[in-house]
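All chains should be built: construct the whole structure from the sequences, respecting the hints.
Protein chains: 2
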Amino acid sequence: MNFNENHQRQIQPLGDMPPEEFRRYGHELIDWIADYLDNIESMPVLSNVKPGDIKNNLPQNPPAEPQPMDKVFEDIDKIILPGITHWNHPNFMAYFNSTSSGPGILAELLSASFNVNGMLWKTSPASTELEQVTLNWFRQMVGLSKNFWGIIYDTASVSSMHAIAAAREQLADYNSRLKGLAGRNDIKRLRLYASEQAHSSIDKGAITLGVGLEGIRKIPVDNEFRMIPSALKDAIEDDKKNGWLPFCVVATVGTTSTTSIDPVDEIAEICLKENIWLHVDAAHGGIAAIVPEMRHIFKGVEKADSIVINPHKWMFTPVDLSVFFTKKPKVLKQAFSLVVEYLKTSEDSVVENYMDYGIQLGRRFRSLKLWFIIRYFGVEGIAARIREHLRLGKLFSSWVDEHPSFERMAPVPFSTTCFRAHPAGTDDEASLNSLNEKLMSNVNSTGKVFLTHTKLNGKFVIRLVVSGLRTEEKHVEIAWELLKNELEKLID
Amino acid sequence: MNFNENHQRQIQPLGDMPPEEFRRYGHELIDWIADYLDNIESMPVLSNVKPGDIKNNLPQNPPAEPQPMDKVFEDIDKIILPGITHWNHPNFMAYFNSTSSGPGILAELLSASFNVNGMLWKTSPASTELEQVTLNWFRQMVGLSKNFWGIIYDTASVSSMHAIAAAREQLADYNSRLKGLAGRNDIKRLRLYASEQAHSSIDKGAITLGVGLEGIRKIPVDNEFRMIPSALKDAIEDDKKNGWLPFCVVATVGTTSTTSIDPVDEIAEICLKENIWLHVDAAHGGIAAIVPEMRHIFKGVEKADSIVINPHKWMFTPVDLSVFFTKKPKVLKQAFSLVVEYLKTSEDSVVENYMDYGIQLGRRFRSLKLWFIIRYFGVEGIAARIREHLRLGKLFSSWVDEHPSFERMAPVPFSTTCFRAHPAGTDDEASLNSLNEKLMSNVNSTGKVFLTHTKLNGKFVIRLVVSGLRTEEKHVEIAWELLKNELEKLID
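Here the protein sequences line up with chains A and B, keeping their order.
The numbering of the first sequence is our numbering, which starts it at 3 and goes up by one.
The numbering of the second sequence is our numbering, which starts it at 3 and goes up by one.
Keep in mind that a hint or two might mislead.
You can't tell identical chains apart in this list, so a pair holds if it fits in one copy or across any two.
[Unchecked claim] Below, simulated DMTMM-like cross-link-like pairs (lysine to aspartate or glutamate); rule was C-alpha separation at most 20 Å, straight line:
(1) LYS190 / GLU216
(2) LYS440 / GLU409
(3) LYS440 / GLU30
(4) LYS450 / GLU479
(5) LYS52 / GLU490
(6) LYS346 / GLU439
(7) LYS476 / GLU404
What the hints contain is simulated information worked out from the structure, not anything from laboratory work.
What follows is the structure in C-alpha cells.
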C-alpha cells in the first residue's frame, strides 16, 4: 500500500458501506454460501483444528484503518472455515443437531437489515403482530389448543427459566417480585421436581432464580428413562411433611440423553391436585408433534401450564428461536412487567408489548424466520421431512438390533438411537466403556461423521441423532458402515 | 391451482431449498435490501399502521402446501414494510437508536448460514476463538486493561443479570448456588444499589435473581442526574445497621433518560472498602470510549468488577450483541458452570467453553459481526463516526440553548439532548407537560422524525439521540425545523 491509498482511506466518507459495495459483497457472499451448502459433504464434519490454531492466525490488535471486505472474505476461507464444526453437514448426528435452511437464512438476512427492536408494539408493529400470527400458526401445527399464548425467546434455557419464574410468581403469598427470597422467615424453601434425565438448563434456571440445586429434587426414572409418577407423588408428600414448598414440576418430552418421554398426563394430574406449575420441556421432541401420527407425544400437555418447543432445533431454523407457550401469560407478565416512563406509549392499553413478558428488553425480529420457513416448506413439507427422520432413526436402530456386536441402550421414540458396541465375550463394563469411547473417538476422527455420547446407568453410550435437513438414508448408512469398520479394527 | 400442480408440489423432494433457488432469491433479497437502505429516507420513520392492521392482513392458519418465495417477498413489500418502524432511518432519534450496517448485515448472513452453536469450543472452535480475539480487540478499543475478561451475551439486560448473579455468588457463605435463598434463617436480606436513573433491566435482574424490588435501594442523584456517592455511602451504613447485606452496586455511564455519568471513581472506592461487587452499566455510553478524547467517561472503571457495553447500540451492529467484561470470570463460572455428561469433551481442560459462563446453553456465532465491523470501518473509522455524532449532539443542544422558546433539561455528555418547549409566558408545569407531549406527538406524526420522551423531576422532556450510522447534520436540522414549526402551530 502506498501513501496515497492510505490517505484516500483515511478520508473515506462517514456513513455506511455504499449501496454498490453492499450489492457486490452481498451477491458474492450469497454465492459463497450457496457453494458452501452445496459442497458441505466434502468438508470434515468436525473441525480438526487444535486449541489456539484460529486465535494464533489472527492479529492481537484491531486494525486502525479500514480493510477491504475482500480481505475479510479471504480470511473466512483461510482462517474461519477450518475452525467450523459443520452443523449443516448431513452427517452431523451429535447433540440435538440443528440445521439451517435456505428460507431461514434469508429471513435472518432480512431481520438483520430491518434491525428493529421489537420491545414494544410501536417500535415495529410488524414484529409484534407477525410474532402473534406465526405463533398462532405454530400452535396449530403442533396441535395445542387456543388456551396457549405464545412468545419467542432466544433459547430453551431462557424459556424454561421464565417458566420457573412464573411458577415462583404464582405463589402469591411469597410476593418474591417485591420482597425477594433471602432473609425472610415467612416463606418455606422452594422445591422443583424434574426427572434424573432432565436437561441441565433446568438446574441453571433454578440456580438463577434463587431456588438452588438443593431446591431441585430429581425424580427417578423407569427402565425406559421416564419419570416415575408415583415417585413424584411420594417426593411431594415427603417434602411437604418436611417443610418444603413444592412449586414447580418440569416434565420432558424428549430428554437429551435418550429422548424418553415423561408420562405428562399422569404427572399433570398430580400437579393439578397439588396446584403446582407444570412446565413441559419439549425443546427438541415437541417439533415431532407436527407429524399427525406423532401427536400422542403431547398426551396430557393440555393440562400443563407451559411448554417450550424450539424450532431452532428440529425445524430448520437458524439459532436462535425458542417458542414458549403458557396458559397463564398474566402470571408471566406480573413477574416481569416494568414499564418505566421512557418506554410508555400511547398504544399500551390496546396492544401487546412483548418486553412485558421477559427479562430481555431487546428483542430481535425472529418471527420472520418462522414465517419464511412455514411458508416455503408448507406444514406438510415440514411434516414430511420430520417423518423421514423418524423413519431413518428407526432404520438405524433396527440395524443396531440385528447386529451381534452392537446393542441398543434405550427405546427410540423419535429419531435418536442410544447404542453401544458390545462384542461377544466382552462383558466387563469398564472395558465396554473404554471400547465405546475409543470407537466414537475413532469414528469422529475420520471427519465423516460426528457423534456424541451420554452415560446411562454408568454405561458409556453413543447417540446417533437424525434431525438434519440434509440427512438422507445414505448418510445414515455411512455412519453405520463407519461404526462397523472402526469396531472391527478395534477388536481385531 | 389445478390438480397436477398440486400433485407436483406434494412430491417435491425433501431437503433444503435447491442451491440455484437460494442463489436467485438471495441475490434478489440483497438487491432489495440495498434499495431499502438507499431509499430509507423516503419512508416514514415511525410506522403509521393501527393495532391489528398487520395481523388482519395475514391468514390465521398456516399453509399446508409450500408457497413460492416470490409470494413471501411480495408480502414483505405489501404487508411487513408498512409495519416497520425504521430504526435505520437517519431521523430515528428515539430511545437509544441502534442501526445496522452493511458489514454487520453480511456477518449476520454468514452466521445464520454456518448456524453453529458455540456452546463448547469443540462445537465450533472458530466461534469460541474469534470471540476471544474480537473481545480482546474491543477491550483495547474502549481502553480497558487486560484484567478484564470478556463474553458476548444477547442483551444488556442479560449481561447485567449475570453481573448481579456473580455478585450473589461472591457471597461464599450464602452458597446460593447450592442452597437457594428461600426459607433460610442463616442469611440476611440482600441489597443492591443503583441510582434513581438506572435502567429498568437492573430491576428485572434483581427480581429474577430473588433479590426483589425491595432489595434494590435507589440512590438519589444530583442536579445533573448523577448518583450522589455520599448518599450511597450513607445508605450502605444504614442498611448494614438494619440487618441487610449490601452485595452489589450498579453505576451507570450514560443513563437512559439523560445519559448522565455516575461518578464511578468515587463509587468504586466505596465498593472496594465495603467489598461489594461493582457493575458498570455502559450499554450505550461505553461505546463513546472508542473516541480517545472521551476516554474520561471510564474514570474509575478499572476498579469495577464488571461492565457491560453494547456494540448493538452505538457501533452499527445488528441486534443482538452485548459485551460483558469482568475481572472475576471464575466467580461467574462458579455460578453457572454445570457440565453434564453429554456436554463433556476431551478438550475441556485446555479450552474455554463459553456455556460455562451463563444461563444460555445455545450461543449464536455473534463475534463474526464484531470482526466484520471493526475490520471494515477500522477503529479510526468507528471513532470518526461516533465523534461526528457527539458533534451533532452538541450542535443540536446549542440550538436549543439559543432559542427563546426551548430549554435544555440536562447536560449533554454524549449526543443525547433532553429538552422541552417552554414558550415565554407559559410557566405552569402541567400546561408545559401537555404542550410538550402534544409537540412530540405532532412531530412524530409527520413521519419525518421519531423522538421519544422521559420525565425528569415530573417534567415531560423530549429526548433527541444522535447515534445512527446514517445521521448527518442535515437530519438534525430537519428535526430542529420540525420542532420549531410544530411548536409555532401549537402556540399560535
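Quick rundown of the hints versus the structure:
1. Taking identical chains as interchangeable, the C-alpha atoms of LYS190 and GLU216 lie at most 20 Å apart whether they share a chain (13 Å) or sit on different chains (19 Å).
2. In this assembly of identical chains, the alpha carbons of LYS440 and GLU409 lie at most 20 Å apart only when taken from the same copy (16 Å versus 74 Å across copies).
3. Taking the shortest alpha-carbon separations for LYS440 and GLU30, neither the intra-copy value of 42 Å nor the inter-copy value of 48 Å comes in at or below 20 Å.
4. In the homo-oligomer, the alpha carbons of LYS450 and GLU479 lie at most 20 Å apart inside one protomer (12 Å), although the nearest pairing across protomers, at 60 Å, exceeds that limit.
5. For a Cα distance limit of 20 Å, the shortest separation of LYS52 from GLU490 qualifies neither inside one copy, at 28 Å, nor across copies, at 68 Å.
6. For the homomeric pair LYS346 and GLU439, the shortest alpha-carbon distance between copies (12 Å) is at most 20 Å, but the shortest distance inside one copy (57 Å) is not.
7. Within a single copy, LYS476 and GLU404 get their C-alpha atoms as close as 19 Å, which meets the 20 Å cut-off; across copies the closest is 75 Å, which misses it.
In summary, the numbered hints that this structure violates are 3, 5.
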